[in-house]
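Produce the complete structure using the sequences and hints provided.
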Amino acid sequence: MTDLTRKTADELAQSLASKDVSSVEVTQALVDRIDSVDGSIHAFLHVDAEGALATAADIDARRARGEQLSYLAGVPIAVKDVLATRGMPTTCGSKILDGWIPPYDATVTAHLKAAGLPILGKTNMDEFAMGSSTEHSAYGPTHNPWDTTRIPGGSGGGSAAAVAAFEAPLAIGTDTGGSIRQPGALTGTVGVKPTYGGVSRYGLVAMASSLDQAGPVTRTVLDAALLHELIAGHDPMDSTSIPDAVPAVVAAARRADVKGLRVGIVRELSGEGFQPGVQARFDEAVEQLASAGAEVVEVSIPSISYALGAYYLVMPSEASSNLAKFDAMRYGVRVPPAGVDDPSAEQVMASSRDAGFGDEVKRRIILGTYALSSGYYDAYYGSAQKVRTILARDFDAAFADVDVLVSPTSPTTAYPLGDKLDDPLAMYLGDIATIPANLVGIPGLSLPVGLADEDGLPVGLQFLAPQKADDRLYNAAAALEQLLEQKWGGTLLSRAPELKATR
Amino acid sequence: MTTETLVPFDEAISRYDPVMGLEIHIELNTATKMFCGCPTEFGAEPNTQVCAVCLALPGALPVVNGKAVESAIRMGLALNCEIAEWCRFARKNYFYPDMPKNFQTSQYDEPIAFDGYVDVTLPEDGADGETFRIEIERAHMEEDTGKALHVGGSTGRIHGADFSLVDYNRAGIPLIEIVTRTIEVPPEKAPAVARAYVSYVRDLIGGLGVSDVRMDQGSLRADVNLSLKPKGSDVLGTRSETKNVNSFRSVERAVRFEISRHAGILDAGGTVVQETRHFQEDSGTTLSGREKSDADDYRYFPEPDLAPVSPSRDWVEELRATLPEPPAVRRARLQADWGFSDLDMRDTIGAGALDLIVATVEAGTTPQAAKKWWLGEMARRANETGRDLDALGITPTQVAEIQGLIDAKRINDKLARSVFDGVIAGEGTPEQVVVSRKLEVVSDDGALGAAVDRAIEGDPDAAAKIRSGNLGVAGALIGAVMKEMRGQADAGRVRELILEKLS
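Going down the list, the protein sequences come from chains E and Z.
Mapping the first sequence onto my numbering, position 357 (from 1) lands on 357, and the numbers just tick up by one.
Take the position in the second sequence, starting the count at 1, then add 503; the result is the number in my numbering.
Some hints here could point you the wrong way.
[Stated by the list, open to error] If you only want the chain Z side, here are some residues facing chain E, beta carbon under 10 Å, derived:
(1) L564
(2) P565
(3) V566
(4) K570
(5) F598
(6) P600
(7) Q777
(8) F804
(9) E806
[To be verified] Estimated spans, in silico, between C-beta atoms of each pair:
(10) A810(Z) <-> E272(E): 52 to 58 Å
(11) S813(Z) <-> D244(E): 14 to 20 Å
(12) V340(E) <-> Y620(Z): 48 to 54 Å
Calculated from the structure, these hints are not laboratory results.
All C-beta atoms, glycine included, are put in the ideal place defined by N, C-alpha and C.
This is the structure in C-alpha cells:
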C-alpha cells in the first residue's frame, strides 16, 4: 500500500474523487503520522483527531451519495493557531489565551469547513506571530524536520514543519513580515503570502492589521494554488478585503510557462549577509529560468534599505494597540497581582498581561507604545508610513519593466535552536527579503530551490508580483518547480532524512 | 479636598471674561451598532446586544455602518459644515474596563464634517433678539463605550464601590461628537447662550430624525469646557471640562457655577486644575473627577482595520436635498399654523416644548390645549423636579388622550391632574388610571340630582335668590355639589340641573 501521507493534495483529491481511497483512510494515516513523529517535531499545539475523522466520514458519505463536492473535499489540513476555530482551542502560541475556545470561525476556517477539509489541528507559532524561529511560542519550539536541532523558521514554523514532516499535505499560515515564506524556505516547502486583502483577515488574531495576510503552506505550487483559490475572495466582514475576483491561480500553476517572462533580480537582496550556499542555489535557479526562455534582468529598489526600519515601527505600533484587548476582563488568563488584597481592575489587567505575555511580545508592545507617543509620532510612525509610500513607488517602477521580481527568501538556511534568541536584531535581519512585500501589500511566494552546500539545508527562492497579480507567482514558480524536479529526479523533500518514530 | 470660595456670578463677570467650548455627543438611532450588526435598542438586559466584534474577541474586525456615515453627513450639513472628501477613523488608545478593545475607534485629525456654524437667539430676548453665531470646529464619528455600574459605596462612583459590573450593550453604539470653537459672548449671556446652543442643536438634530436626542437617556450628552481670563487680558486660563450635564437647565447652571468657582480660585491667587468635573443635579455644583492634562497621551493613529470613508460629492448633494426646513423657518410656520402670539412662541421654545406640542397636536389635540398642558401643568412639574419636559415620564400621546377624556366630559381639568399623577407614577394608560383611581365624573343625573336637592335644602337663601333671578349666587350651590361629589362631576351639568330645579 502506498504511503498516503506522502501524497500531494492534488493527488489525494484525485484519488478521493475516483474513490480509490476514502477521506477517513487519508485522515487516519495523517493522524497516525502525527502521533508517530510529532513528539520530535512539535508542529501541533492541538490535534483534533476525532473532529477530523468525523468530517472525513461525513465527506465520504456525501461522496457515496453522489453529492457535488469541492475539489479539495476530504483532503486534511492543519491550521496555524492564530486563526479562530469554533470549538477548538486558539492560543496564538500565548499563555494569555490558554484555554480560550473561540465561539466563532475565522472566514478562512469557515471556507475550509464549507469545502469539507478535515481540520487535523492547530499548529505552533511564535507568540502572536512575533518571531522568525517559533522559539517564542509559550508552548515550546517546533523543530525543523531536516535537522531537529534547528529552527523551522517562524512565526509559522508549525505549519511549515507539519507539511515538511508529512503530517499534513496542506496548512494555513499567516505572513506579517515573512511568517509563511521564510519557514517555507527553511523547511523546503512552498509558502505563499497573497496580495494584501486577497484573503479575509476576519478571525485572524491581528499582530499588525495593515501587514497581516493568511495564505497556503504546501509541498507543491499546484497545491498552494488549489488552497489559495479556496480561501481567497471578498469578505464583507473585513473592510480591507479586495472586492475584485480572485486571480486565476490554479490555471496559472497548470500553465507553468516562463517563455518571454520578464524576471527582475532585486540587486539590493544579495551579496553581503547572504550565505554562499543560499546565493549559489538562487543563482542556479535563475539560470534555469533563463534557460527556459525567461528574460532575466537586474533591477534596483533603492528604498529597500529603509524597509526593515519602517517595518519595525509600523508593526509594533499596530501590535501595541491590537494586543491591548488582552486585559483578562472578558476572556483569557486572569492572574491577580501577588500580595494585593482587593486589587483594582487596572492592577489585574497589568498583572495578567505581565504574566500572560512573553518577552518578545512585551518588547514589541513597548516599542510600539513608544513609537506612537505624542511628540514621537511624526518621527517614527509618520516617517515609516512615508517609507511605505516611497517603497510602493519604487516597486511600481520596477514592475513597469519586469513581470516578477526574485530574491533569496531568507539570507540563511535554518540556524540552530537558541542561536539568535538573545540577539533580536540578528533575528530581525533574517526577514530583510520578505518584509518589503508586506509593507507594500504585494504577493510573494517561496519555492524550494535546493540544498546549501555548506550545511545540506533547504534554500528558498522568493517570487514577488504586483498587487492582485498573484497568478504570475504561480505560473513562474510552477515552471521553475518542474525544471528543478527534472534536474533532481524527484522532489526536494524526498531527500529529507527519515524521521524516527517517537512512539 | 480643598474648600472652594465661590464668587457671586455678577461679581465674577465684572472682573473676568468666560471662554467656553461645548462638546455634544449624540447617539445615532441607527438599527445596528457603528461597526457590527448588533441591535441598539435602549434598555435591553445587560450584555444581550453583543457579538464578537463589539466584545473585541480575538480576530474580530469592524466594518463601518453606512447608515451612520449617512447620518453624520446629514448632521454635518445641517450644522453648515464642509463634508470631507476623504477621511479616516483613528484609534484612541487607553485602558479602561468598559472599553472592550482598550481603544476607542474615533476620528482624530480627519473628521467627516468641519468648519460649520449655527446661529442661536436667546428665547428670553424674543424673536428679534440678538443672534449669536456659534462656530463648529468639527463633527466626527466614533463609538460609545460600555457602561460601568459601580455597586456598593454611597456615591455610585468607582471610589468606595465594592465591585463593578460592565454592560457592553452600549459598546459600539454610533456617536457623533460636535465640537465648537471657543465661544466668547457678553459674559452675562454666557450661561444662557450655552443653554440655547444645546437646545438649538437638539431641535436641529431631532428634526433630522437621526437620533432620539434624549438628554435624560444619554442620547444627547453635553460637556461644558470653561475657562476665565481677566478682563482686558488675552491670556487664556486653564479650563475645566464638566460632564454629567443632563438637562438644558443644567447646562446653564453648570456654566454659572464654573464661572463662580474659577473666579474664586483666581481671586485667591490659586491655579485652576485642568480636570474633568461632574455636575451635581441636586446642588447645582460640580465635583472634581479625573485629573486630566495635556500629558494624557492617547497615541492616536489611523485605524488600519477600516477602509477610508470617501463620500462622493453627488451623494453629499443628494443628502443635502433631504434636509428638513431649518428650525427658524419651521418655527415661523408652526406659529402661523397654531395662531400663537410671539409671547406664546417664545415661552414654548424657552420651555423646550416645541416638539412636544407638535406631537400632541398630531395626536389630535388643539394647539391651545396642548400649550395649556405643556406650559402650565407640565412646566410646573418640570420645575419642581428639575427635569426637562420630555423626561417627565409622560408622552405627548398620553397628554392628548387625557385631553380627549376631558373633551368627552368623562373627567374635568382638575381630575386630569390626578390622571397625570397616575400616568407618571406608572399606573398605566390614562384610561386605566381613570378607572383604577375612580376618577370618572358622575354623569348619572339621578345621583347628581339627589346631590343638587341636598345642596338646595342646605342653602335655602341662595336657592331663593336664584329663583328670583339672581343667578350670580349659583356658584355657591355648584361648589357644594362638587364638594359632595369629591370633584367628580361635570360642573356645567350641575349648573344646568340647579337652574332647572329652581326655575
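Among the hints numbered above, which are violated by the structure, and what are their numbers in rising order? Numbers 4, 7, 10 - these are the hints that the structure violates, sorted from lowest upward.
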